[in-house]
Amino acid sequence: MSKESRMLAGILLVVIPTVMYGGLTLLTLILRNAPGFYDNPLRHDLWRAGHAHAGVYLILSLVMLRYVDEAMLSPFWKWLARSGAPIAAILIPAAFFLSVIPPTITHPNALINLAYVGALFLGAAVLSLGIGLIRAARHQS
344 MSKESRMLAG ILLVVIPTVM YGGLTLLTLI LRNAPGFYDN PLRHDLWRAG HAHAGVYLIL
404 SLVMLRYVDE AMLSPFWKWL ARSGAPIAAI LIPAAFFLSV IPPTITHPNA LINLAYVGAL
464 FLGAAVLSLG IGLIRAARHQ S
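In terms of our numbering, the sequence shown opens at residue 344 and continues consecutively.
Keep in mind that the hints are not guaranteed to be accurate.
What the hints assert, rightly or not - 20 Å max Cα-Cα, derived SDA-like pairs, lysine to any residue:
1. K421 - A480
2. K346 - V406
3. K421 - E347
4. K421 - G466
5. K346 - R409
6. K346 - W422
7. K421 - R478
8. K421 - A462
9. K421 - G353
10. K421 - V460
11. K346 - K421
12. K421 - L351
13. K421 - S348
14. K421 - Q483
15. K346 - Y410
16. K421 - R481
17. K346 - V460
18. K346 - W420
19. K346 - V358
20. K421 - T368
21. K421 - I402
22. K346 - L405
Said to hold, decoys possible - Label pairs and their in silico Cβ distance ranges:
23. L367 - Q483: 41 to 47 Å
24. Y410 - N456: 26 to 32 Å
25. M344 - A377: 41 to 47 Å
26. Y381 - Y410: 36 to 42 Å
27. T368 - I477: 36 to 42 Å
What the hints contain is simulated information worked out from the structure, not anything from laboratory work.
The C-beta atom is built at its ideal place from N, Cα and C for all residues, glycine as well.
The task is simple: from the sequences and hints, build the whole structure.
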């Protein structure tokens, strides 16, 4: 594993407890029947989705790091394959959380568009890694 991949893996592992804390926060809101959370289905659903997406994309990031250094990619595409999923793990949950901050909100604000940017990073990262791994496999044959 390259130094860059090892460093990013360490950072991601250090960040995972923040997602755990987010889960604890959501559990507290649920158990206390917090106003502005349970009585606002939009906010409730987007906050739950934000928490879930953060955790899943961080784990996906760690899995992808095990393969990046084996892929046949240029330095830019390796960077994208290495960092696209962690960027998505920030942008997509941020879109879900920040677009419904006011407790009485009925529609997400413009920050929901961060989810589309995050999805582009995630898609580009997964595609580039997949293509790089296929190229590496063909090169070995």
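Each hint tested on the structure:
1. K421 - A480: holds (16 Å)
2. K346 - V406: holds (16 Å)
3. K421 - E347: holds (10 Å)
4. K421 - G466: It holds: about 14 Å lies between the C-alpha atoms, which stays within 20 Å.
5. K346 - R409: holds (12 Å)
6. K346 - W422: Answer holds: K346 to W422 is near 13 Å, not above 20 Å.
7. K421 - R478: Roughly 13 Å between the alpha carbons, so the hint for K421 and R478 holds.
8. K421 - A462: This hinted pair holds, its Cα atoms lying about 18 Å apart.
9. K421 - G353: holds (18 Å)
10. K421 - V460: At roughly 19 Å apart (the allowed maximum being 20 Å), V460 and K421 satisfy the hint.
11. K346 - K421: holds (13 Å)
12. K421 - L351: Holds: K421 and L351 sit about 13 Å apart, inside 20 Å.
13. K421 - S348: holds (10 Å)
14. K421 - Q483: Holds: K421 and Q483 sit about 19 Å apart, inside 20 Å.
15. K346 - Y410: holds (14 Å)
16. K421 - R481: holds (18 Å)
17. K346 - V460: violated (27 Å)
18. K346 - W420: Holds: K346 and W420 sit about 17 Å apart, inside 20 Å.
19. K346 - V358: Roughly 18 Å between the alpha carbons, so the hint for K346 and V358 holds.
20. K421 - T368: violated (35 Å)
21. K421 - I402: Distance ~18 Å between K421 and I402 Cα, so the pair holds.
22. K346 - L405: holds (14 Å)
23. L367 - Q483: 41 to 47 Å: holds (46 Å)
24. Y410 - N456: 26 to 32 Å: Cβ of Y410 to Cβ of N456: about 30 Å, so the range 26 to 32 Å holds.
25. M344 - A377: 41 to 47 Å: Taking Cβ atoms as reference, M344 and A377 lie about 42 Å apart, which means the hint holds.
26. Y381 - Y410: 36 to 42 Å: holds (41 Å)
27. T368 - I477: 36 to 42 Å: For T368 and I477 the Cβ distance comes to about 41 Å; the hint holds.
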